[in-house]
Structure formats: C-alpha cells, structure tokens
Amino acid sequence: MKQLVVVGNGMAGVACVEQILKQRHDFEITIFGDETHVNYNRILLSMVLAGEKSADDIVLNDIDWYRTNGIRARLGVRIENIDRNRRVVMDAEGRSTPFDSLILATGSSAFIPPIPGVEKKNVHVFRTLDDTRALLEKARKGSRAVVIGGGLLGLEAARGLQLRGCEVSVVHLMETLMERQLDPTGGAYLRRKIESLGIRLILPKQTQALLGNGRVEGLRFASGEELEADLVVIAAGIKPNVDLARRAGLDVRRGIVVDDHMATSDPRIHAVGECTEHRGQTFGLVAPLMEQGKVLAAAITGNDGPSFTGSASATKLKIMGVEIFSAGSIDDSAPGVDTVRYEDPSLGVYKKLLLKGNRLLGVILVGDVSEERRYTEWLRQETNLAPHRQRLLFPPPAEDAGLEVAEMPDSEVICGCNGVTKGTIIEAIHASGIETLSELKKCTRASTSCGSCTNLCEQLLRAVIPDFQEETQSTLCSCVPFSYERLREIMRGQQLKSVQEVLNVYGNGKGCEVCKPALSYMLDMLWCGDHEEDRSARYINDRVHANIQKDGTFSVVPRMRGGVTSADELRRIADVADKYRIPMVKVTGSQRIDLLGVKKADLPRVWADLGMPSGQAYSKGVRMVKTCVGTEFCRFGVQDSTRAGIELEQRLENLFTPHKVKMGAVGCPRNCAEATVKDIGIIGQEGSWQIVVGGAAGKSVRKADLLITVETTALALEACELFFQYYRENGNYLERTYDFVERLGIEKVRKETVYATDSDKKKLLSRLRRSKALSKDAWLERETPAHPTQFVQIEVMER
Amino acid sequence: MSSNNRWIRVTAIENVPLLEGRSVQIGRREVAIFNLNGRFVTIDNQCPHKGGPLCDGIVSGTTVVCPLHGWRFDLDTGLAVRASLPACVTTFPTRVEDGLILVDIDHGSRIESEETAA
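Respectively, the protein sequence lines represent chains D and S.
Going by the working numbering, the letters in the first sequence line up with residues 124 to 922, in that order.
Going by the working numbering, the letters in the second sequence line up with residues 422 to 539, in that order.
By construction, these hints were calculated from the structure, which means they are not laboratory data.
All of these numbers come straight from a predicted model, not from anything done at the bench.
Note that CB positions come from ideal geometry on N, CA and C, so glycine has one too.
Be careful, since some hints might not be right.
[Unchecked claim] Below, a sample of chain D positions facing chain S; criterion: calculated Cβ distance under 8 Å:
| no. | residue |
| --- | --- |
| 1 | C635 |
| 2 | E636 |
| 3 | K639 |
| 4 | Y662 |
| 5 | G675 |
| 6 | V919 |
| 7 | M920 |
Can you build the whole structure from these sequences, using the hints too?
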C-alpha cells in the first residue's frame, strides 16, 4: 500500500481525506495535527465563545471516525521539515515518517500586526479551540475587552465576549466594518446593528501600541488617545502557514502555489485549504476549500475529476440577529457595472446587487438574508438575469412551500459549506434509509458547518419521505418571526433581558400587542426579576394590577387563599366598598370577592385599605385554589383539602404563567370544588391523592388527565409544583394547560415531570423556588409605584 | 392667527413614560398623550368603537391598540388601522419645550375617510 501523509488536521485536510475515502484508493493514511483536538468545525468557534455551543458540539470527526477508517491520527505532533529526496516528513522530535504522496493542509494562522506590546499578557488571538478556551478563561463579567479588527472574526469574537459579560469595544482600522465584504452603506447598517447590541465601535482608528506593565492595560492610538483594556483580542486577518512548504523549497508566494489539480511545484506534494494560493488568490472561507478537497481527492487517487477554477466566495456573519451576507465582487466602480439597491432604514434592511450585462457580479445583504441562496446560485451559474430584472430584489411569489426544493435542479448545491447537492441528498435518503435531519447530517455532512441550509434540508426530507416527522413550531408573531422554543433559546443563549432588545435584534424593532406581552412573559419566566421589566410591553392589567372593565374602570379581587376568609377581612371589604362607592361587590366562581368599578386612581388606596394581597385575577398567572371543606367539617372528607389547597396557593402565588392557572383541591371523589376541570387539581381519596392536570370548564370543557397518584400531601404538592414549572417553561404564551397537555401528550408530560430523574426534578423545582423567591405581591406598588404616574390621571399644569 | 398662547403647557415629559400613554383632561376634552421614544403625540382618549381608554393601550410602532377590543389607531393621523369599519380619532398638535409637553387643544384634526387605512 502507498503511504499518504496529510499535514494538518483541520477542516480542509480532513474534508479532503473524507473525499479520498469515497474514491477507490490504495492509501494508508496518516494525519498529523499540531492541535491536540480531533477535527472540529472552526467556523463555529464563535458560538463556543458565545456559549451557544460546547466544544463537543463542534466536533466534526470523532476519534471513532479515524479508527473505523483506518486512519492513523498523530495529534499534537508538529511536522517541521519535509525531505523531498528521501520522501519523508520529520516531526519536532526528529522522527521521520515516509510518504509516497503528501498533502499539505497547514491552514492559516492569525495575522499579528507589528504593534509594540502584542507579547503582553492577556493579549490573545482567536483562531483555535485552545485560543477560545483561553479567552473563555479570561473573559470575566465586567472586564473590559477590546477587539482589534472589525472584520467577520473580530465582530463574532466581540459578540461572544459580550455574551460572557465583558464590556466590549471593537477598534477597526478602516472607515467601514467588514470592508472587504460590505460597501460603506452596508457597513453603516451593520454598524448600527452592532451598536444596538451594546458593543462600542471605534473607527477608523489605528492602534499604535499596547500599554501595560507585563499585563495589557490599554491601547494607544496613532491619534494619541488611549483606551483602557483588561483583555485584548487581535483579529486583524489571517496569513497562510507556508513556512514548512518554503523550507522544503516548494514554490510559495502568499500561499503555497497550486495548479488546477491542487499540485504544488513538486508533483508528489499537493496542498489544500487556507495555506494555498491558486491563480493569485488565497482563501479564508469554507466553501472553496471543500471544493478544493474534492478536486484533490480525485487527482491524488488517479480518478477523473473536476479541476479547481476558484469558486465565488461568500461570507456570512454568524451573530444571531445580525444578518449579513456578501458574495462575489463588491466593487461597483468598475465600468459597465449596474447596481440595484433597496433599503429600509427603520427595519435595518439593505440589499445591493451588482450586475454586468444581465449577470450577477456580487451581492450584499444586510438585515434580510432570506434570498441568499438564490443569489449564490445566480453567481455560481452565471445565470442570465434578463427575465428576472423586474424582481431582482424580491422573492418570487410563493406558490407552495415545497416548490422551492421541487424546482431546484438535482445539481443545485444545498449545503454551500460542504458542497452537497440536492441530488446527493435525495440519493442518500433512498440509499441509506434516512428519516431524520440528524441522520442526514451524519450521512451527507449537509448542514453540519454553518447550519444555514437546515430549513432546506428539512424541506427536502419532507418532500422525499412521505411520513417525515418534525416538531411543528409556530412562530410567535410577524414582528419576531421565531418559534417560542427558538425565542426561549435565543433569550437564554444570548442573555437578552429586555423586550426592546429582543425586538431590536431579532424583530422589527417595534413589536405589537401580541408579541410584546408574550416576550414579557418569557423574559420574566427565564430571568424572574433579574431583568429589565418593561411595563410598556405589558397589557394594561399588568401595568396597574387590576382587570380593566368595559367602561375603563377596574375590578379588584384580593387573594383569599383556598376561598377561606374571616370576619375581619369581610368587614374591611365592606368598608372599602362603602368608602370608594364601589358599584358592585360580587362573589366570583373562584370562591373570592370581586369589587367592580374601581377607578384607576383609587387602586392604590383600595389595596391599602383592604390590607390583603393581590389575587392576580387580572393576569396570566396563578389565580387561586378552590377548595372544599375536606376533613375539617365535611362528614365525607378523607383528606384535608382546605389546608392542602391553601398551602398550594401559597407556594405558587404571585408567579406568572403562560395563561391563567386555576386550581382545585377536593377532600373526596365527590369533587365539590370541581378539581377535575381545573388546570391543576388534587383529589383526595382514602390514603392517597390523585393529581390531575389540563382540565377546563370555560370556553372548552375538558376532564383533566391523571398525572400521578401519591400517598402523602407533601408529594401531592410537589407533583403540582413540577407540572406547574414545566408548564411555565414549555407552554406557549396564551396556551392554557388543556391545550398544552394535548399538544405534548400526557405521557410526555409525566415523563418530564413526575417520572423525570431525581436530578431533573430537583432542577425544575429549584428554578421554581428561585422564581418564587424573587416574586412579590404586585399590590405593594401602592407604596412604591413603578412610575410616578402609574395610577394617576395627569393634571394640566395651566389652562 | 398664530400666537403662542394657543399652546397649553400640560405636564413634564417625565410624566409620560416611554412607549406608554397617559390621559389628561384639558377643558372638556379627555385626551391621551403618548411618548414615542421622546416624540410626544396626543389623540382623543376615547376609542370610537366602544369608548375604551386608548391611553391604556399597548403602543406598537406609531400605533396604539385599544385595551378593550383591540382596535388600532395610527397616532399621527388618528385613523383606525385594519379596522372592520372606517373610524378615526382626533389628533392634536403636540410639542416639547423646556422639558414640558405642550398641546394645542383647539386645533385638533380629524381625517374622515371613506376607506380604512390598509
């Protein structure tokens, strides 16, 4: 067998080896990597920094892959020299490994500009998993991080550090961010987006020196100003790693010079990836590297294959909510170039196409990248755009959802990163019996790099497999077009803590009466108190803690736990009714008393005079526990439902939920407090409690499902708490428990609440406890209003 | 005809919080003042549908949504947006001076239109 040695265990080298494995070959393969890690997805390092993915999530080829394919992996071993005469490579320890064929995939490293002070402590680059880990260690909450370089990598690093709690500034040499991909207008749009995230941008600014005694303490600019810093990240570009090739006497310019079949000046030695230079061009993006890998695999195995012509480069910024796409040429000053532009400043959308004689030359998309694929295809195919000229900037009218994939030719590339075509995917689905997206990923590698083709892959799966199952996710609202699950993920992952921030970054910046209260709820549920509550995003009931009535007055329902009251409370209620001339006092269906027709301005004094906490009768939150008299007085009662109900109400009161939560506790199966048609009910029987959930007796009538039967009251209350918190975390806003339970199915609900592992149960409960500890009786705002004019009508100063 | 005294000094800008409304009685009119990111606008407080207090509505862009039945009004024109029937509320010239909100209550305008805004 012939010896194939690959120097470099990065994406380009390993992708090429994967292609070789697909061909007929008689190689024994050894891969050297100077990093100690298996091949990982370098593109996603920014997501590791941001905490959206773990180091394990970005592994592309685990150690089993090397093993099963019979590849010798020599990790943490650096090749120092190539002896072309003896055909061996030599590592740093002086050991030599013979080769018949050699592939150089040495990649590139961070370019470090010659600034005095770059050797200081806490000055980092951001290129490898180890760099990322080092940064994660240094990034402390509140520390001041400065990123030098406002290109793709610099901005992604900046956002990652910011999500780790750093105060981040980006210093950029040029007037425009990402100036190699964006024109000044696009750069200005990007600038606004980045600034709206709270990242400070300093540009154009040349860094002259890094200051500090041993450890970096700041930067000095050429203009003389200084900026303090605890951490500096240099992201000023990359340079191909060519030292090894140069020492071996290969033809090297900026990169290792290769021909159309990826051969270097020595025909036994090939090169692939960011270390190469092809027709004067070097590469820093994944798509051309994958293409190179295919070309090289065919060439080295002696199979007929395509030649590399250099593909159009496309760039996409991977900061959630900051959508940037750029491909092809952005130079609109060339003769004969037409530009077609569209912009909407308030939506932050900017699109620009460069055309020459009905062919697309380049494209810039900011804020809306939904048409990215169409443009990439036009670039790649050099499509004649004459028939599309009227609608270049807008999507063709959607006739049906599956049409997009149906109309694609089999040769169309679905996954641009890994160069997987529609035909390949369909073939794989049939040949390997693929049924899920993750199987598809494993088999074809589609959608494993940047992930932006996930939707298309799913569409294909749906089209080809008749009973393809996917989780149905409806979007919250056209203002923020994401599913609830995704939004919760985003808020948690991106540490978003205000409604406006979510709307600015992920939505239209405005929001409406549908999404604002929903986002308010989600933020409250996730952060409970540890976030910026935005009253303007809440419905009036939750701004003034009372229920608005048809005439604009409010109703007031004090908490009366378990429906149990006292003569004292009743007397105070009566006095309040008199004093404020309350037009109606009514007993509600929830065993409480409703004071109707209260003026907004009277609310704080009414609450004070009542001296009772809020019954939350106005909110999507915990309403009450209706109880029967249980064992205390009833001659049939077998469980103390009154006490259990009061205790349950106390444990959950003041918390918000996706929709109102009404509960019931009954002491025997006669069910006098109707627990079987409540959101949560506990039904006492001889020696045990039944816990039922998802009941309804409103717009719909539904008998609750049995969640579990338990022996003790303590366990009964815990089961209620588990379900309650599970609903809080997974229910969609305005989804009552009866819809929630039906959507998920009671088996799943059981499995993830009462039948969950002890540690998962503990986690659910501890999140509930934390929220509960931070919650408070809303009516205390009578003393400390959220705003001076929260309850009052403004008086005119003068007439 | 234009004199400064047509403007009524209503209240300090701090009294109308960001993206919320507050009602105020000016003479015989009850109006709602909204704070649209530092720009203030004034409309009739009463929803023409069933009299809901518009000051208590959620602001969405430059519109407000009545808290009772969800009718939506453009705060600049007063026109109902996407309503089943054409409707409008009066809008009043509003400006800010020395940190105070000034409203010209006598020069309100209504756009009576046959069509509803899209």
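Comparing the hints with the structure gives:
no. : hint : result
1   : C635 : holds, 4 Å
2   : E636 : holds, 4 Å
3   : K639 : holds, 6 Å
4   : Y662 : holds, 7 Å
5   : G675 : holds, 4 Å
6   : V919 : holds, 5 Å
7   : M920 : holds, 5 Å
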